[in-house]
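Colleague: I would like the entire structure built from these sequences, with the hints used as guidance.
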Amino acid sequence: MNWLPVIALLLGFFIFYFVPLALPSDYAPYLSLATLSGLDSILGGIRAGIEGKFHVDVFVSGFIFNTLLAALLAYLGDQIGVDLFLAAVVTLGGRMFLNLSLIRRYYLTQWNLSRQRDAERT
Amino acid sequence: MSLNVFLSSIRNNPWVAPVTVMALVLGALLAVSLKTQQSIRSTSLPSNRFSGLAAAYRDQQEQLKMANEEISKLRERTTQYENEMASASEKTKLLNEALQEAKFLAGLTEVEGPGVEVVLQDSKKRPPANSPIDIENYIIHDSDLQRVVNELHAAGAEAVAINGQRIIANTAIRCVGPTVQVNGIALSSPYVISAIGDPDTLVSALNLPQGVLTDIQAIDPNMVKVVKKDKIRIPAYTGSLVFRYAKPVGTTASNAGKEEEKSAR
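The listed protein sequences derive, respectively, from chains V and C. Number 2 in this note's numbering belongs to position 2 of the first sequence; there are no gaps in the numbering. One rule links them: number in this note's numbering = place in the second sequence (from 1) + 122.
Calculated from the structure, these hints are not laboratory results. The reader is advised that the hints may include incorrect statements.
[Said to hold, decoys possible] Partial pick of chain V residues on the chain C-facing surface, computed with a CB cut under 7 Å:
1. ASN2
2. PRO5
3. PHE16
4. ALA28
5. SER32
6. THR35
7. ILE42
8. ILE46
9. PHE54
10. VAL56
11. PHE63
Every residue gets a Cβ at the ideal spot worked out from N, C-alpha and C, and that includes glycine.
Modeller: Here it is in structure tokens:
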């Protein structure tokens, strides 16, 4: 199992948690949505990776564009008085659950296989 | 050894390196987002607490009203006890007379007599479009109330109250947001100023040319109403009366002062 992304996530979190940098509260909803979109992209990348369909260009551009688009969508929604950020939350949330379940299944299968192999060896 | 595990995982899986880099970025995003939300939570009031706070505020106001009623009841009872004690001897009788006189002059007793009632209220009219007159002129301010009270005192008013709040020696009349506070109690329009004194003198003082009411009446005559009354009741002062800094000077005054403070409490 690959722990590198998890370690990097924690590293980035703690570095920036102790850096005195905070956005004005007006931008807080957009930032939250961008974060959610980034999380979705990371999970999607992991899923693509374990399925062997990973492309670096798709992943990186997807991360950047989805993050910006989510924030932009929320901003646009605020401007025209429609809760557009709900659309992003529903879409991203649904996809995150789907990707997480696929990742979970993959590692569970691997774990079961390795246990079987161990049992056969002994 | 552990580094080798990481290196091999990067070599075997081409997706691990980019995902790791982006996970670092995501971690940063998460941290900033969390901090921003925390600062919002610590600086602004969550909107879901508004209704609860409003209910608590109403509750406190109700309690304050009840406490004030109790204060006036207890002060009445104190007066009764003082009067009963007065019957003990000639000395106590004289002392009590002086005490009751002082309380009456200080505004701690309900009083009754002829006088006037001045009703000041915010105008229902609005300034016409493009009018140079500010909308501020269409509402009653603390300064209007102050000037009317001042004029009434100058014309010999002996007891004055605004919406039932007795004006005493250290009463403040000041503007707090959309209300006017008198004795620390928030009042709102219409303001009823009752004053006991010679009704004719009081009314003519209020209606002096270029007097206190002239400016208000020029904006909207409906903002002011002055009524002469044969009998007005003005309630006693019910607020706090604890003097922490001022101390009476001289021995006789100090005794009288102590007595007064006790009875006030």
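Colleague: Identify every previously stated hint that the structure contradicts and give their numbers, smallest first.
Modeller: none
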